[in-house]
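Given chain A, put chain B in place with the hints provided.
Protein chains in written order, with this note's numbering: chain A, 912 to 1180; chain B, 14 to 242.
Calculated directly from the structure, the hints in this document are not laboratory data.
Small disclaimer: the values here were computed from a predicted structure and weren't measured.
Just to be clear, a hint being listed does not mean it is correct.
Unchecked claim - Below, computed lysine-lysine pairings styled on PhoX-like, alpha-carbon distance capped at 20 Å:
1) A:K917 / A:K929
2) A:K917 / A:K1022
3) B:K208 / A:K1058
4) A:K1022 / A:K1058
5) B:K118 / A:K917
6) A:K1137 / B:K208
7) A:K927 / B:K209
8) A:K1058 / B:K209
Said to hold, decoys possible - Sample of chain B residues lacking proximity to chain A, with all beta carbon distances greater than 10 Å (derived):
9) H24
10) I52
11) P65
12) F77
13) L89
14) I142
15) Y152
16) H154
17) I169
18) H194
19) I226
To be verified - A few chain A residues that don't get close to chain B, going by computed Cβ distances all over 10 Å:
20) P940
21) M942
22) D949
23) P1049
24) R1149
25) R1159
Heads up, the beta-carbon is just placed ideally off N, CA and C, and yes, glycines get one too.
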Amino acid sequence: MKLTLKIWRQKGPSDKGKFITYQLNDVNPEMSMLECLDVLNESLIERGEEPVAFEHDCREGICGSCGFMINGVAHGPLPATTVCQLTMRHFKDGQQLVIEPWRAAAFPLLKDLVVDRRAFDRIIEAGGFVSVSTGNAPDGNTIPVGKEIADRAMDAAACIGCGACVAACPNASAALFTGAKISHLGLLPQGKPEQDRRALGMVAQMNTEPFGSCTNIGECTGVCPKEIPLEVIAHMNRDFWQASWKEREDLVQTIAPVTSWSNKTKTKS
Amino acid sequence: MSTSTVQAFKHQAPSFWQSTNGKKVVMAVTGCILFLFIIGHLLGNLLVYAGPVRYNAYAAFLHFDDTLLWIIRSVLIVAVVLHITATVQLALRNKKARPVDYSRKEAINSSFASRTMYWSGPIVLAFVIFHLLEFTAGYIHPGSQFIRGDVYHNVIAGFSVWWVSAWYIFALILLGIHLRHGIWSMFQSVGYNHKKHTPLLKKAALVIAAAIILGYISIPISVLTGLVK
Chain A
912 MKLTLKIWRQ
922 KGPSDKGKFI
932 TYQLNDVNPE
942 MSMLECLDVL
952 NESLIERGEE
962 PVAFEHDCRE
972 GICGSCGFMI
982 NGVAHGPLPA
992 TTVCQLTMRH
1002 FKDGQQLVIE
1012 PWRAAAFPLL
1022 KDLVVDRRAF
1032 DRIIEAGGFV
1042 SVSTGNAPDG
1052 NTIPVGKEIA
1062 DRAMDAAACI
1072 GCGACVAACP
1082 NASAALFTGA
1092 KISHLGLLPQ
1102 GKPEQDRRAL
1112 GMVAQMNTEP
1122 FGSCTNIGEC
1132 TGVCPKEIPL
1142 EVIAHMNRDF
1152 WQASWKERED
1162 LVQTIAPVTS
1172 WSNKTKTKS
Chain B
14 MSTSTVQAFK
24 HQAPSFWQST
34 NGKKVVMAVT
44 GCILFLFIIG
54 HLLGNLLVYA
64 GPVRYNAYAA
74 FLHFDDTLLW
84 IIRSVLIVAV
94 VLHITATVQL
104 ALRNKKARPV
114 DYSRKEAINS
124 SFASRTMYWS
134 GPIVLAFVIF
144 HLLEFTAGYI
154 HPGSQFIRGD
164 VYHNVIAGFS
174 VWWVSAWYIF
184 ALILLGIHLR
194 HGIWSMFQSV
204 GYNHKKHTPL
214 LKKAALVIAA
224 AIILGYISIP
234 ISVLTGLVK
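Chain A on its own, in the form it takes in the complex (with noise of 0.2 Å):
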C-alpha cells in the first residue's frame, strides 16, 4: 500500500523544526506503524540523510516509550493500542498520515519525534512507591484483598506512563498519570499507610511541573493505551483534599523541573 507520511523534523531543542513529506510506495500492510518509520528510515539513511528520531523499546505495547500523534490523535486512531501495536492495515491506500510530537511545555521537544518526559520521573519519585521491608517473599494472602479492589488497583496499574494523556489533553494536563499512580498504590492496604503523604507528594509535583490543569474532558482516557478510567482523576481529587484537611505539618516539599538543558530555561534555586 501507498502512504504519504508529513513527519515532524527537529534537529533539537533550539531547532525551529518543520514539517517534511515523505513518499513510502510499498508499505507492507502487517507492519506496524513504527516498523513502518523503521523502513522509512533505512531508506533514509541508504539516501545519506538523517533518520527520523523515535523512542521504542518493547514493541509489544507495554513500555510505554513509544507515542506520537497521528492525524491529531494520540497513539492513532485504534483505541487502547500503542503505535508500535498499531499495523498498517488500519489506514487507507495512499492516506496522508500527520504524524507529530507529543506538544507540551512539560515535555521539551529534544529531537523530531522524542520528547524529554522525565515530568513523570518526578512525579513519580514524590511518592509513587510504597515503603516496604524487602527480603523474602511474603506468603501469599497474608493481606487479604478484595476482587474489586484488586480489579481497580490492577487497572489503574496499567498506566505505562506513555504521556499519550497529556498530549490529548487540551490543557496539557497530567491528572490521569497521576491519578492513576496515585489510585493504584491507594486503593492496596500496603500502599494505605502512605496514602496522604502519597497524594500530597505527587500533586505538589505534578502542579510544579508545567502540567495544565484538569477540566474534566475525557480526552485522555479516549487516547489512553491502556483505558484508565476518568475514575482515578476523582481518587487523586479525593485524596488530595482529604490529605490537605489532614495535613499536620508542612512536610511535602518537591524537585524543580531540571530541564533547563533540554528547554533552555533557568529553574529557581
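This is chain B only, laid out in the frame that chain A set:
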C-alpha cells in the same frame, strides 16, 4: 548517606489554593452554590405564570429584610468572584502548558459542552451583568420605564423588546450548555466518580440543563407570544 549524594533543588509545595486540584475544588463548590441559586431563581421566576399579585408578593418576600438579602447576595458575589478567579488563573496556566500548538488535533472523547466552557462562561457573565442592570438596578430598561417594586411589569415590559428576549434566550442556552458539563464535573473535581453513578449523573446533568433552559426561556417566549400579559 551514600558516598555521593545529589542535592536536588527543593521547593515548598504549592498550597491548596496554588494547586490546580485545589482551585478545581473551589470551582466545584462555588459552581454548586451558583447552580443552587439558578434553581431557586427559576422556581421563583416561574411564579410569573401565577399572575402579578403573587409574583410581586414573591419579589417583596425576597426583600423582606435588606441585611439578610445582602448577606445572601454577598455569598453569591464571593462565589462568582472565586469561580472566575480560579478559571482565569487555570486558563492562563493551561495556555502556557502547550506553547506549540498541534498542526492537527481531533477531539475523540469529549463533549461539546466541556470544550466550550471558556466561551459559555464569559458570555453568561456578560449576560448576568446586563440582566442585573436591567431587572435589579433598572439602569438599562429599553422600551419602558423601570418601576421599582413592580417586578411583574418590569419583566413583561423588558421581554416585550425582541432583542432583550433574543439575548436572554441565547445566553440561557449557553448557561444550559455550561451546566451540562458543570453539573457532573463538580462531582469529579471533589473526588466523586463511580462506575455506575457517574454515567447516570451525566444523563441527569443533560436533563437538568435542558429543564433549566426550557424553564427560563419559556418566560420571554410567553411574553413575546402574548401568553403572559
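Of the numbered hints stated earlier in the document, which are not met by this structure? 4, 7, 9, 18, 24
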